[in-house]
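Asks: Next come the chains, spelled out residue by residue.
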Amino acid sequence: MSTNSYASSHPAHHILSVLVQNRPGVLARVSGLFARRGYNIFSLAVAPTEDPMLSRITIVVDVESAPLEQVVKQLFKLVDVVKISELDPRRSVERELLMATVRVPAEDRGQVVELTNIFEGKILAVGVEAITVSLDGSPDKLDDFEELLRGYGIVELQRTGRVALPKLDKEARLKAVKHGKAS
Amino acid sequence: MTQKITGAQALIRALELENVDTIFGLPGGCILPAYDPLLDSPIRHILVRHEQGAGHMAEGYAHVTGRPGVAMVTSGPAATNMVTPLCDAYMDSIPMICITGQVPTTAIGTDAFQECDTVGITRSVTKHNELIMSADDVPLMVRQAFHIATTGRPGPVLLDLPKDVLQNSMTWHWPSDEEVLDSLPGYKPVSKGHPRMIKEAARMILDAKQPILYAGGGILKARAADALRELAELIDTPVVTTLMARGAFPDDHPLCLGMPGMHGNATAITAMQKSDLLITLGARFDDRITGKVATFAPDAKIIHVDIDPAEQGKVRRPDVPIVGDCRLVIEEIIKAIKDLLNGGEKQQDISAWKSRVSGWREQFPLYYPTNEPGEALKPQYCLEQLRDGAPEGTILCSGVGQHQMWSSQYWKFNEPYTWVNSGGLGTMGFSVPAAIGAKVGRPDRTVWAVDGDGCFQMTAQELVTASVERIPIKVAILNNSYLGMVRQWQEMFYEERYSEVYLSPELPDFVKWAESMGCIGIRVESPEEVQPAIEKANSIDDRSVVVEFRVDAGEKVFPMVPAGFSNDDVLLHPDQNNRREFLR
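Going line by line, the protein sequences match chains B and W.
So in the working numbering, spot 105 of the first sequence is number 384, and the numbers just go up one at a time.
So in the working numbering, spot 74 of the second sequence is number 228, and the numbers just go up one at a time.
Next up, chain W with everything else stripped away, as it sits in the complex (with noise of 0.2 Å):
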């Protein structure tokens, strides 16, 4: 039997077929006709502050769920503010569904009351997106925009909505898996790898000496921590895990180096470095992972398998391509090794590789000058507190800063999608909302948001939201007064001339802030009190706790690969370079 329906009832009706469970979003004019029928769908709508919370939360949330994260609002101020949470889940790869209202279709073009050209705006910043035309198409075009966003390499999708769209009536039909994808026939990603490919690659893997598996965000992506894990035990080769990868390999497991890049560990930097294959997994050659490329691993050959072809070849050229889905590509690796193995092949003696790979990683551990009584709080050892203290299985997401790469350093990632950054876009401003979604996304966890004082005051006031949702988070803000990261660059590279760096030291007070916004407020100021904050901030759980911490201003990130610089002269904290020979 047809049914008549308006266009916003079918757009509801739509997104719970496609099992979407939560909405971020804020209404107004144009979406209105969308907010109705929202009040009769079991759909949780959580009401932001700003539009660009709702997009980060939806991040957030994909980020731990790997389901598409979905963000609804208005159209032109509202649009705009999604540009930021869109690009920044196009350059991470995160699926996101954006619904964006639209002026009426008799009205575009003429300059109405907030109009713009949302489509266009957004074009270079979202994996598709579709202005929809008809009632009629809303079905097909939202199941489309789930198909495209959540397969192949995922990314954002916005459906902009004109308000007679919304409310015309049209004839219900959900289309099937056939019709969504004859619909789409210049989409067709590819998952299996080149079967040549992966024989090339297995053989390649038991011919290298100093191989590296290069790990990179594409792992969580493609759900494959698995797969990996046995790849790398059963060739007993050391993993690097990307910023975008951070617990997609455990962090305590005795093959994982960590993160490598413009701030990760000297042995992961080195390996790659010094490597004669690099195992590349869903990784793209990011410039603050390789340094100059011209001399990055100039000696390692390399396999590259990317869900993306683009990827293959744009910055390093692969000696192997694999084209495919890291989860299958990996597990058809893992069968051709062991089909070599099995057929007499031997492995080539690797031992001499980890043990120099060992030797690093006992000369340079990370490192900072510890506290002297009554010095300035060291930000590493609120962090090193804060990980100690957490409860198992805490997710924990950062801003974008020296905040950050101190979490991804300091922090030990045990578990896949419990790490929550802005990679690729470095949004400040992200924590907050992202640890929003994230806690909505997986309400058994503890979410701790990791902050800057600089960040912190860009989108806290989703904190507001947090407390009239009840969606308890935790952040710690590490407080130096100063847009650190930035600071750190003009003392180093600027000849300490400091530029519009130094925020306040006394302004906002973000106790009071904090206390303003529902949430428990904490000062920390010495050392002592570190702990006994973090306790008291983690026994919390029916409100969201906001823990200053006052650090110390001059506290820089290191080792560090300054941009434009090799690898091969990464620069390590001045405390240990009298060890720098022992890098060869």
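Just chain B, with the same shape it has in the complex (with noise of 0.2 Å):
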């Protein structure tokens, strides 16, 4: 079931940048609030940030199980969260990494890695019968990337689930640079 391409071309979904204490459990309790609460959880990246006591958790929520206001607060009551961002697809820049094995006889192959260089993505191994590529990028590239590699006969596929940032303010940006302040 193509659920994957859910998430991008749907317009309501919502993604929560959440900052986390970084210590051991915490992924659970925030995956299980979703559980006992009856939310989904469409995707979820986690990693530590720039301040190693933090880790930011990136969850793409599928928000039609639930208000999102209700899932924010009762995130915000566990003691491990620090801070919640609700990112607007529209006012963010977000990153996905898709890795794909595809069956390809070798006087085929030609036509993958062909498709895979129009989308700027990478080889990452290559066999008699089939090929390993990768790609970055948004999500509704790696949609398009993933339906056109389909035809081929995917073997495996492997999507990291989305991670995000809010798009800076360009005038902020440049006020500041005026002001002669460089953040």
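Among these hints, one or two may not hold up.
[Stated by the list, open to error] Capping the alpha-carbon separation at 25 Å, the derived lysine-lysine pairs in BS3-like fashion look like this:
{"#": "1", "chain 1": "W", "residue 1": "K489", "chain 2": "W", "residue 2": "K468"}
{"#": "2", "chain 1": "B", "residue 1": "K352", "chain 2": "B", "residue 2": "K362"}
{"#": "3", "chain 1": "W", "residue 1": "K468", "chain 2": "B", "residue 2": "K352"}
{"#": "4", "chain 1": "W", "residue 1": "K342", "chain 2": "B", "residue 2": "K352"}
{"#": "5", "chain 1": "B", "residue 1": "K446", "chain 2": "B", "residue 2": "K362"}
{"#": "6", "chain 1": "W", "residue 1": "K566", "chain 2": "W", "residue 2": "K710"}
{"#": "7", "chain 1": "B", "residue 1": "K362", "chain 2": "W", "residue 2": "K342"}
{"#": "8", "chain 1": "B", "residue 1": "K362", "chain 2": "W", "residue 2": "K500"}
{"#": "9", "chain 1": "W", "residue 1": "K492", "chain 2": "W", "residue 2": "K508"}
{"#": "10", "chain 1": "W", "residue 1": "K363", "chain 2": "B", "residue 2": "K352"}
{"#": "11", "chain 1": "W", "residue 1": "K342", "chain 2": "W", "residue 2": "K500"}
{"#": "12", "chain 1": "W", "residue 1": "K468", "chain 2": "B", "residue 2": "K356"}
{"#": "13", "chain 1": "W", "residue 1": "K363", "chain 2": "W", "residue 2": "K500"}
{"#": "14", "chain 1": "B", "residue 1": "K352", "chain 2": "W", "residue 2": "K346"}
{"#": "15", "chain 1": "W", "residue 1": "K353", "chain 2": "W", "residue 2": "K500"}
{"#": "16", "chain 1": "W", "residue 1": "K489", "chain 2": "W", "residue 2": "K353"}
{"#": "17", "chain 1": "W", "residue 1": "K489", "chain 2": "W", "residue 2": "K500"}
{"#": "18", "chain 1": "B", "residue 1": "K420", "chain 2": "B", "residue 2": "K401"}
{"#": "19", "chain 1": "W", "residue 1": "K346", "chain 2": "W", "residue 2": "K489"}
{"#": "20", "chain 1": "B", "residue 1": "K362", "chain 2": "W", "residue 2": "K346"}
{"#": "21", "chain 1": "W", "residue 1": "K342", "chain 2": "B", "residue 2": "K356"}
{"#": "22", "chain 1": "W", "residue 1": "K508", "chain 2": "W", "residue 2": "K468"}
{"#": "23", "chain 1": "W", "residue 1": "K566", "chain 2": "W", "residue 2": "K500"}
{"#": "24", "chain 1": "W", "residue 1": "K455", "chain 2": "W", "residue 2": "K492"}
{"#": "25", "chain 1": "B", "residue 1": "K362", "chain 2": "B", "residue 2": "K401"}
{"#": "26", "chain 1": "W", "residue 1": "K455", "chain 2": "W", "residue 2": "K468"}
{"#": "27", "chain 1": "W", "residue 1": "K353", "chain 2": "W", "residue 2": "K468"}
{"#": "28", "chain 1": "B", "residue 1": "K356", "chain 2": "W", "residue 2": "K346"}
{"#": "29", "chain 1": "W", "residue 1": "K363", "chain 2": "W", "residue 2": "K508"}
{"#": "30", "chain 1": "W", "residue 1": "K508", "chain 2": "W", "residue 2": "K346"}
Hints were generated in silico from the structure; no laboratory data involved.
Build the complex from these two chains, which are given one at a time in their own frames, with help from the hints.
Replies: In structure tokens:
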């Protein structure tokens, strides 16, 4: 089932960027809360931030399962959750990584290589009857790439789930530069 | 000078510094190291007969003192036995600290003897929990636990201590307030309400024509009973007190309407339903209050004061949400109202509303048919007699079911912290251990536990604890030989098809059982025996007393808003139904 394209094609998805204390069990607390309150997680990415005490969990929430406001408020009650930002997909930059192994006979391999090059992806490994490629970029772009690969026969596919940061406010940045402030 | 002590010694010392005077618990393998320094500590330990009892005792203690109750048990089955009290405390926002032993850090994850994933299992039933992996962390974790349990919306916090962490040596350091706050960057409960919202609430209150103060358990948690009373009297507005708020506003106050909800009285239910402004204070629009949400108080605007932001808009969207401590917010609202009044504003005339409410009160008092000679004893009559015979300041605890609803309905709660019950989770068996905990917290008070025969059989063994530890409580069992509330539902909603609700009229012999546990046992079978038995029970204070009232099994709790029904369709006692039209 191609649920993967849901979040990027669905206009109502929400991205929560949750800053948590980098401690054992914190992911279980967050994911457990979603399960306990009946909210669905569409995708999830976790990694430490620039501050080793903190990790960022980027959660794409299926908002049809519950009002986002309740999700955010309940999350914020977790003692380990330091900050929650809701990222508006239109005002944020999102990236995701896809890796796929495609079954392709040697004579057709060129087509997959070409496709990967058009998308500015990478060839990671080449076998006799298969090829492994990767692509990072916006989730929409990954959806398109995945769709096209499907025609060749995907053996294995893995996506990371998206990570996101807010778009920079250009006016504010220019203003800051004018005032001689870099940040 | 730095001082090396063990993790276990650090734990007990930290508890002492947190002013813990009592621990309810039961030792076992992994928690053993913590029980050794306890011998040298001034902290009183109460040895329970089942870990669940320790948890409910800690809750009862917290209910009546406002201080966190502390329970300490070992790993594995002891920890799983604590799940029910933890969940109960979580649902009713009771500050509680639970300390569990754990297998040594080296054995974690190996399915060792009496190992279980305690923090995993209790994650969703605690406000917070921690597995402590180093003896050095013990003092800070204890301070964090007490801070989290008692601030914001109170709740249970569990600390899981592996045996080697208790045994290892550490350098004692007692963290400052600042260190505690800095260590919890994600925990910042709001206590002061938003000034603009408070002004808006004040204006809305003066403009309301049919206001009701909807007081919940948050009033008691915030120690806001005096503030509530001042507000109610200032705006001369009737108050309903939810099951969790009984005693937060005196029942004998002319403005008190008593309990609303599924088994609330018709006046409280209807007054909320017809109100144009619900001034909601530390209440959470529980399904037992609202009935069918879509038809709940359809014309009411909502002011919602709650310290937990997640309660705002969870069930009913407020017109004025105020996140903050009930006491502080109410005091600010009072100030804002006085400012408006001093500025020449006038409160709407609510006398028509008040007389309408009074009309309902006259028409729909609580009602049950009185005993005819030779008929079975009415449970409501027993409660009235208990109430009337109770010494001043008696604390009432209850289990869960019909007897709980009758207790809340028929008792007169005129003082906060005199009512202890399991509201949110509805834990049968709560009453006996909770009453013991309450008596430990308030040894100066008489503590009555009202229990059903079903409930009593779940946790009665704690009366052994009460006897051995010399904690004299009084238990009234309303024995109808049934799981009474379930029976009531089967009678009303399952065509009287009684399935697995009949216990036994003869077994157990409650009097003998009470006696075997070191208590005085009294059996009451007829109305004439009720008063003397209660007098006798009240006169004994050197040991616990169990009075078994053999009551009418057919008696049902009324009024009732059946699950999923609108509050408009409250079922009155059949004898009152002819007056139904007055509920307009």
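Asks: Hints first: check each against the structure and report whether it holds.
Replies: Here's how the hints hold up against the structure:
1. A C-alpha spacing of about 28 Å is found between K489/W and K468/W, which places the hinted pair above 25 Å, so the restraint is violated.
2. For a cut-off of 25 Å, the pair hint linking K352/B to K362/B stands: about 11 Å separates their Cα positions.
3. Among the hinted pairs, K468/W with K352/B is consistent with the structure: their alpha-carbon atoms are about 10 Å apart, no more than 25 Å.
4. For the proposed pair K342/W and K352/B, the alpha carbon gap of about 13 Å is at most 25 Å, so the pair holds.
5. Distance hint between K446/B and K362/B is fulfilled; the C-alpha atoms sit about 18 Å from each other, no more than 25 Å.
6. For a cut-off of 25 Å, the pair hint linking K566/W to K710/W stands: about 20 Å separates their Cα positions.
7. Restraint check for K362/B and K342/W: the C-alpha separation of about 11 Å stays at or below 25 Å, so the hint holds.
8. At roughly 43 Å between alpha-carbon atoms, K362/B and K500/W are farther apart than 25 Å, so this suggested pair is violated.
9. With a C-alpha separation of about 21 Å, the suggested pairing of K492/W with K508/W holds against the 25 Å cut-off.
10. For a cut-off of 25 Å, the pair hint linking K363/W to K352/B is broken: about 33 Å separates their Cα positions.
11. Under the criterion of a C-alpha separation no larger than 25 Å, the hint pairing K342/W with K500/W is inconsistent with the structure, at around 38 Å.
12. With a C-alpha separation of about 14 Å, the suggested pair K468/W and K356/B falls inside the 25 Å cut-off, and the hint holds.
13. With a C-alpha separation of about 12 Å, the suggested pairing of K363/W with K500/W holds against the 25 Å cut-off.
14. Restraint check for K352/B and K346/W: the C-alpha separation of about 18 Å stays at or below 25 Å, so the hint holds.
15. Distance hint between K353/W and K500/W is fulfilled; the C-alpha atoms sit about 15 Å from each other, no more than 25 Å.
16. Restraint check for K489/W and K353/W: satisfied, since their Cα atoms lie roughly 9 Å apart, inside the 25 Å limit.
17. Simply put, K489/W and K500/W have alpha-carbon atoms about 15 Å apart, close enough for the 25 Å limit, and the pair holds.
18. Under the criterion of a C-alpha separation no larger than 25 Å, the hint pairing K420/B with K401/B is consistent with the structure, at around 14 Å.
19. Annotation: proposed proximity of K346/W to K489/W holds, straight-line Cα distance about 14 Å (limit 25 Å).
20. About 20 Å separates the Cα atoms of K362/B and K346/W, which keeps this hinted pair within 25 Å; it holds.
21. Restraint check for K342/W and K356/B: the C-alpha separation of about 9 Å stays at or below 25 Å, so the hint holds.
22. Taking the CA atoms of K508/W and K468/W, the gap is near 30 Å; set against the 25 Å cutoff, the hint is violated.
23. For the proposed pair K566/W and K500/W, the alpha carbon gap of about 34 Å is over 25 Å, so the pair is violated.
24. In summary, the hint linking K455/W to K492/W is supported, as the alpha carbons are separated by about 21 Å, within the 25 Å threshold.
25. Our distance criterion of 25 Å between C-alpha atoms is broken by K362/B and K401/B, whose separation comes to about 35 Å.
26. Annotation: proposed proximity of K455/W to K468/W holds, straight-line Cα distance about 16 Å (limit 25 Å).
27. The hinted pair formed by K353/W and K468/W meets the criterion: a straight-line CA distance of about 23 Å does not exceed 25 Å.
28. A distance of roughly 17 Å separates the Cα atoms of K356/B and K346/W; the hinted pair therefore holds under the 25 Å criterion.
29. Simply put, K363/W and K508/W have alpha-carbon atoms about 10 Å apart, close enough for the 25 Å limit, and the pair holds.
30. Distance restraint check for K508/W and K346/W: the Cα-Cα separation of roughly 32 Å exceeds the 25 Å cut-off, and the hinted pair is therefore not satisfied.
In this structure, the hints that do not hold are numbers 1, 8, 10, 11, 22, 23, 25, 30, in rising order.
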